[in-house]
Amino acid sequence: MAIIERPSTTQEVVAPATPSSSLGALKRPVATTGWKSWLFTVDHKKLGIMYSAAALFFFIVGGLEAVLIRLQLAAPNGKVLNADLYNQMFTMHATTMVFLFVMPMAAGLANYFIPLQIGARDVAFPRINAFSFWAFLFGGLFLNMSWFLGGAADGGWFMYAPNSGPIYSPSHGIDFWILGLQITGIASLAGAVNLITTVLNMRAPGMKLMRMPIFTWMQLVVQFLLLFAVPVITVALFLLSFQRNFDATFFDVAAGADPLLWQHLFWIFGHPEVYILILPSFGVISEVIPVFSRKPLFGYPFVVFSGAAIGFVGWGVWAHHMFASGLGPVSVAVFSIATMAIAVPTGVKVVNWTMTLWGGKLEFTAAMKFAVGLIVLFTIGGLSGVTHSVAPSDTQQTDTYYIVAHFHYVLFGGAIFGLFSGFYYWWPKVFGKMLNEKLGSWNFWMMVIGMNMTFGPMHILGLQGQPRRMYQWTEARAGEGFFNLGFWNAFASVGSLVLTTGVLLFLINIVITARNGKVAPLDPWNARSLEWMTTNPPKEHNFDSIPTVSHLDEFFHRKYQEDANGQMVQVKTAEQVMKELEDNADAHIHMPSPSYWPIVLAAGLPVITFGLIYSIPIGIVGGIIVLFGAYGWSIEPGTAPDDDFDPPTTTKDVVHVG
Amino acid sequence: MTTDTHTTTEHGMSNAGYVRIALILAAITALEVSTYYVDFGPLFMPALMIMMAIKFVIVVSYFMHLKFDNKLFSWVFYAGLILAIIVYIVALSTFHFFS
Amino acid sequence: MTANTHADEHGALHTSTGLSNNKLGMWLFLGSECLLFGGLISTYMLYRGRVGAGPRPSQVFDIPFTSVSSFVLLMSSLTMVLAVSAAHKGDDRNTYLWITVTALLGATFVGGQVYEFTAFYNEGMGFTTSLFSSSFYVLTGFHGVHVTVGIIMLMSIVGIMKRSKVPGSKAETVEMIGLYWHFVDIVWIIIFTLIYLIPA
Numbered sequence: 001m002a003i004i005e006r007p008s009t010t011q012e013v014v015a016p017a018t019p020s021s022s023l024g025a026l027k028r029p030v031a032t033t034g035w036k037s038w039l040f041t042v043d044h045k046k047l048g049i050m051y052s053a054a055a056l057f058f059f060i061v062g063g064l065e066a067v068l069i070r071l072q073l074a075a076p077n078g079k080v081l082n083a084d085l086y087n088q089m090f091t092m093h094a095t096t097m098v099f100l101f102v103m104p105m106a107a108g109l110a111n112y113f114i115p116l117q118i119g120a121r122d123v124a125f126p127r128i129n130a131f132s133f134w135a136f137l138f139g140g141l142f143l144n145m146s147w148f149l150g151g152a153a154d155g156g157w158f159m160y161a162p163n164s165g166p167i168y169s170p171s172h173g174i175d176f177w178i179l180g181l182q183i184t185g186i187a188s189l190a191g192a193v194n195l196i197t198t199v200l201n202m203r204a205p206g207m208k209l210m211r212m213p214i215f216t217w218m219q220l221v222v223q224f225l226l227l228f229a230v231p232v233i234t235v236a237l238f239l240l241s242f243q244r245n246f247d248a249t250f251f252d253v254a255a256g257a258d259p260l261l262w263q264h265l266f267w268i269f270g271h272p273e274v275y276i277l278i279l280p281s282f283g284v285i286s287e288v289i290p291v292f293s294r295k296p297l298f299g300y301p302f303v304v305f306s307g308a309a310i311g312f313v314g315w316g317v318w319a320h321h322m323f324a325s326g327l328g329p330v331s332v333a334v335f336s337i338a339t340m341a342i343a344v345p346t347g348v349k350v351v352n353w354t355m356t357l358w359g360g361k362l363e364f365t366a367a368m369k370f371a372v373g374l375i376v377l378f379t380i381g382g383l384s385g386v387t388h389s390v391a392p393s394d395t396q397q398t399d400t401y402y403i404v405a406h407f408h409y410v411l412f413g414g415a416i417f418g419l420f421s422g423f424y425y426w427w428p429k430v431f432g433k434m435l436n437e438k439l440g441s442w443n444f445w446m447m448v449i450g451m452n453m454t455f456g457p458m459h460i461l462g463l464q465g466q467p468r469r470m471y472q473w474t475e476a477r478a479g480e481g482f483f484n485l486g487f488w489n490a491f492a493s494v495g496s497l498v499l500t501t502g503v504l505l506f507l508i509n510i511v512i513t514a515r516n517g518k519v520a521p522l523d524p525w526n527a528r529s530l531e532w533m534t535t536n537p538p539k540e541h542n543f544d545s546i547p548t549v550s551h552l553d554e555f556f557h558r559k560y561q562e563d564a565n566g567q568m569v570q571v572k573t574a575e576q577v578m579k580e581l582e583d584n585a586d587a588h589i590h591m592p593s594p595s596y597w598p599i600v601l602a603a604g605l606p607v608i609t610f611g612l613i614y615s616i617p618i619g620i621v622g623g624i625i626v627l628f629g630a631y632g633w634s635i636e637p638g639t640a641p642d643d644d645f646d647p648p649t650t651t652k653d654v655v656h657v658g
Numbered sequence: 001m002t003t004d005t006h007t008t009t010e011h012g013m014s015n016a017g018y019v020r021i022a023l024i025l026a027a028i029t030a031l032e033v034s035t036y037y038v039d040f041g042p043l044f045m046p047a048l049m050i051m052m053a054i055k056f057v058i059v060v061s062y063f064m065h066l067k068f069d070n071k072l073f074s075w076v077f078y079a080g081l082i083l084a085i086i087v088y089i090v091a092l093s094t095f096h097f098f099s
Numbered sequence: 001m002t003a004n005t006h007a008d009e010h011g012a013l014h015t016s017t018g019l020s021n022n023k024l025g026m027w028l029f030l031g032s033e034c035l036l037f038g039g040l041i042s043t044y045m046l047y048r049g050r051v052g053a054g055p056r057p058s059q060v061f062d063i064p065f066t067s068v069s070s071f072v073l074l075m076s077s078l079t080m081v082l083a084v085s086a087a088h089k090g091d092d093r094n095t096y097l098w099i100t101v102t103a104l105l106g107a108t109f110v111g112g113q114v115y116e117f118t119a120f121y122n123e124g125m126g127f128t129t130s131l132f133s134s135s136f137y138v139l140t141g142f143h144g145v146h147v148t149v150g151i152i153m154l155m156s157i158v159g160i161m162k163r164s165k166v167p168g169s170k171a172e173t174v175e176m177i178g179l180y181w182h183f184v185d186i187v188w189i190i191i192f193t194l195i196y197l198i199p200a
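Residue numbers (this note's numbering), protein chains in the order written: chain R, 1 to 658; chain W, 1 to 99; chain E, 1 to 200.
These are computed hints drawn from the structure, not numbers from a lab. The hints are all genuine.
With a Cα cut of at most 30 Å, we get these calculated DSBU-like pairs of lysine-lysine:
hint: 1; chain 1: R; residue 1: LYS208; chain 2: R; residue 2: LYS295
hint: 2; chain 1: R; residue 1: LYS518; chain 2: R; residue 2: LYS36
hint: 3; chain 1: R; residue 1: LYS539; chain 2: R; residue 2: LYS572
hint: 4; chain 1: R; residue 1: LYS572; chain 2: R; residue 2: LYS518
hint: 5; chain 1: R; residue 1: LYS36; chain 2: R; residue 2: LYS46
hint: 6; chain 1: W; residue 1: LYS67; chain 2: E; residue 2: LYS170
hint: 7; chain 1: E; residue 1: LYS89; chain 2: W; residue 2: LYS71
hint: 8; chain 1: R; residue 1: LYS572; chain 2: R; residue 2: LYS295
hint: 9; chain 1: R; residue 1: LYS27; chain 2: E; residue 2: LYS170
hint: 10; chain 1: E; residue 1: LYS89; chain 2: E; residue 2: LYS162
hint: 11; chain 1: R; residue 1: LYS208; chain 2: W; residue 2: LYS71
hint: 12; chain 1: R; residue 1: LYS438; chain 2: R; residue 2: LYS295
hint: 13; chain 1: E; residue 1: LYS89; chain 2: W; residue 2: LYS67
hint: 14; chain 1: R; residue 1: LYS208; chain 2: R; residue 2: LYS46
hint: 15; chain 1: R; residue 1: LYS579; chain 2: R; residue 2: LYS361
hint: 16; chain 1: R; residue 1: LYS518; chain 2: R; residue 2: LYS438
hint: 17; chain 1: R; residue 1: LYS46; chain 2: R; residue 2: LYS579
hint: 18; chain 1: W; residue 1: LYS67; chain 2: R; residue 2: LYS208
hint: 19; chain 1: R; residue 1: LYS208; chain 2: R; residue 2: LYS579
hint: 20; chain 1: R; residue 1: LYS208; chain 2: R; residue 2: LYS539
hint: 21; chain 1: R; residue 1: LYS27; chain 2: E; residue 2: LYS162
hint: 22; chain 1: R; residue 1: LYS295; chain 2: R; residue 2: LYS518
hint: 23; chain 1: W; residue 1: LYS71; chain 2: E; residue 2: LYS170
hint: 24; chain 1: R; residue 1: LYS539; chain 2: R; residue 2: LYS36
Here are the in silico distance ranges between beta carbons for each label pair:
hint: 25; chain 1: W; residue 1: LYS67; chain 2: R; residue 2: LYS36; range: 43 to 53 Å
hint: 26; chain 1: R; residue 1: LEU149; chain 2: W; residue 2: VAL38; range: 56 to 66 Å
hint: 27; chain 1: E; residue 1: ILE152; chain 2: W; residue 2: LYS67; range: 22 to 32 Å
hint: 28; chain 1: E; residue 1: ILE152; chain 2: R; residue 2: PRO162; range: 35 to 45 Å
hint: 29; chain 1: W; residue 1: TRP75; chain 2: R; residue 2: GLY566; range: 32 to 42 Å
hint: 30; chain 1: E; residue 1: PHE142; chain 2: R; residue 2: LYS36; range: 37 to 47 Å
hint: 31; chain 1: R; residue 1: PHE57; chain 2: W; residue 2: LEU31; range: 57 to 67 Å
hint: 32; chain 1: R; residue 1: VAL344; chain 2: E; residue 2: SER164; range: 56 to 66 Å
hint: 33; chain 1: W; residue 1: LYS67; chain 2: R; residue 2: ASN163; range: 45 to 55 Å
hint: 34; chain 1: R; residue 1: ASN584; chain 2: E; residue 2: GLY141; range: 53 to 63 Å
hint: 35; chain 1: R; residue 1: PHE483; chain 2: W; residue 2: SER99; range: 40 to 50 Å
Just so it is clear, CB atoms sit at the ideal spot from N, CA and C, and this is done for glycine as well.
From just these sequences and the hints, can you work out the full model?
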C-alpha cells in the first residue's frame, strides 16, 4: 500500500531538539521524517496507517490462499494442492483473514479515528499503542514463517483435538500458530486497555458518551469484548502448547481428557470474536449511511444499545458451535434459544439503517454502495445464521459448505464490505486525496457479483452434503441436474476470480490515487462528525484547539442550524468552522515523544517464541530483550521534558497531550 | 504529570486501619484452615465459599481501595469477575460438573 | 507505566472522567486477568479427579505447609498497602522499607512453592503424571510466575526510585504495582480454598 508522505500544512509541531537530556537508556529518537519517524513513532495516525497497511498485506496473502483453495476445487480430482498442503491452506486462510486482516484493519481504523472522533490529540497510552502494532506485525510474520520452516498449521482455524495433537500434526506448523496467536493476543489485549481508556478518559469537553459517533461506540464495545475474550484463548493456547511441547494430555482422550474442553475455551473466545469482527464494520456504515442520506442516523440510542446488547449476549451463545458434539439436550436447548435471541439486536440495527435511508437524499458514492451492500449481504448471512440456531437443522449442516456460505456472507459481505466502505469514506481524510469513484464503482460491483457467485452456490453445495475442508471431489459422486456439485464448484471458483479482480481494482485505485488522485477538499462528503473538523490529512496534533462539543454530530451542527421554519440551513462553511478553531490555536503543543522501546519490546516476543520451538537459549535472549525494553520504557517519560524542546517554553503556555 | 497532592489514602484508611484489616484476614484464614482439622459437616462447603468471598472482597475493597475509589473502577473489575464466574460455571455445568 | 495525565494545582486530573489513565488501564487489565485465571481454575476443577495411576490431591497436599505460605502472601498484601500509604505521604524511607519487606515475603512464598513442587515430584507427581498433576502445575505455576513478575517490579521500582528516575508520579507508580500485587494475592485466596482446602 502506498504510504503517502505528506508535509504538514500550517503549523509545525515542535519535536524535542535536545534529546541528550532524555532519561532513557538510549537517547530518544527525534526524526520527524523518513523511515525512522515511522519505526519509532507513537503518533496514533501513523500507527493507524501502518496497522492498515500491514493488514492489507495479509489480506492479499489470505486472498491468494483462498484462490488456491478454489482452484483446487474447481474440477474433480483437483491436483493443484496435495491433501497436506490443502489442510495448511484452509487453516492459514482463515487464521490470516480473521486475526491478521479483519481484526488489525479494524484496529487500524480505530487507532486513526477514535482520537479524532472524540476530539483528542492522541490515545491514552501512545507507547502501548506503538507496542500493540509492532507485536501484531511481528506475531503475524512469525505465524507465516511456518510456511518456510516445515509447513504451516493444518488443523483448521479452530484447531480441534485430536487434529491439533503432535500425532496428527507432527510439523511445527501448529506450534507457530499457537505462539503467533499468543503474540497477536498480547497486541489485542494491550490495544483494548489502551482504546477503552482513551474513549472513557480522553474525550473533548462536552463529548458525553451519548454524543460519541457510532463508530467510536461500536469500537468501545469491541474493545471490551477483546479485553475479556482474549485471555480465554490465551488459556486454551497455553494448554495446547503444554500438550504439544511438554507432553501434557489436556485434550487427549486416551489419557482420560475431555477434548470438549478445548472446544469450550475456543468458542467462549470465538463467539465474542465474531462480533469483534463485525461490529467495527457496523460502526463504519453507521457513519457512512447518514452522511450520504443527508439525514441523522435513525434511532441513535437504539443503535448504541443494540450494539452493547450484541456484545453482552454474544457471551451466552458459544456452544451453538458445538451442537453436533453431544452436549446434551438441556445445554443445546439453552444455547439454541440464546442464539435466536441475539438475532434481535442485530435486526434492530438493520431496521435503523434502512430507516435512515428512507426518505433521504441518497448519494451513491462508492462508500455508500459498500454500506448498502453490507446491509443486504449481511442480512442474507444473518438469516442463514438464524437457521443454525435451530439445533436439529444445524446438526445436519455442521461441517458442510452451508456453514462456509453463512460465515462468508457475514464476514465478507458484512465485515469486509464495511471496511471497504470505510476505505472510500476516510481515504481523503487520511491521505488528502480522493480515491477514484468510477474505479470504486467497478470495484464494488465486481466484488458484489464475485462474492455472490463464490459463496451463494455454497448454500446449495452444503445442503447437498458437500463437507467443508474436503480436498477433492469426484465426478462419480457429484450428483446430477441442478444439484450437480461439479457445476456449482466450478461456478464458485469462477466467482472467486471475479472477486479477486474486484479486490485488484481497489489496489489499482490506490496506486492511481497516490500518483495523480484529486486533492481532497476540506469537507469532501459534507460530513457530520469531529474527525472531519480538521485538515486532510490532519496535523500531527489533530486539532489546533480542542473543540467544545454540544451536539451529537457536532461538525454538522456547527455548519447547519435550524431556521424559523424548522429547516436545517447552512450557516457556515467547513472552512469557516476550521477558521474558528485555528483562531483559538494553542500556542505550544507538546505531543508524546517518539520512543525506541515499543518496537524493542515487541521484537523480543517472536525471539522468545522462536526459542520455545527450537532452542531455549534463543528464548532466553528474547527474554533479555524484553526485560531491556521494559526497563528502558519504564524510566523514560512518555513526553520529553519541556526543556528538551526548542525553542524553550515556559510551562505556562505549553499544552501537554495525552 | 500527576502530582502527589491528591491521594486516595486521604479518604482511605490509616495504617492502624490496615493492620486491623490484616488481622481480620488472618483470623478468617485461621478459620478456613481449621476446616481441615474439624469436621464442619454439611456446613463445610458453604462456609469455605463464604469465607473465601469475604476475604476476596475485603482485600479488593480496602487494600485495593475500590470501596473509596470511583465506581468506574469497580465496574470494570467486577464486570470481568462476574463474567468469568458465569461463563466458566456454565461451561463446567455442560460437563455435569455440579451434578 | 506511562503517565499521560496532567494535574492542575488542585490536583484534579484533566481527563473526561477525572480519573488517572494509568489506574483505569490497570483495573481494565485486572478485569481481563479474571478471565485468564478463571479458565485455568476451571481446567483444574474439571481434571482434579483424573489422577490415573498417580497420587490423588489429598495424598500429596500438605495443608499446614501451604497454610503458612498462604498466610505469608496474605501478609505481603498488608506490607504492600503500607508501602503505598508511605509513598502517598512522600515518605521515601518507609516506602523502600515496606516494598522490600513485600518483595521478601513474596520471595518466601515463591520459595515455598518451589519446595512444594519438589516435594510433589519426589512423591511421584510429575508434570505429565496425570491430568490432575498437569492442570495443577499449570495453574499454580501461572500464579507463581505472576508473583515472580511482581517481585521483579518491586525490586526495580526501588532501584529506579533511588536514582530518582521515575517518570511521572512515584506514588501512583507504587500504587499501580500495589494493585497488581493485591490481585495476585486475591487469586491465591481463591486457589487456596478451591484447590487445597476442598478435597477432590
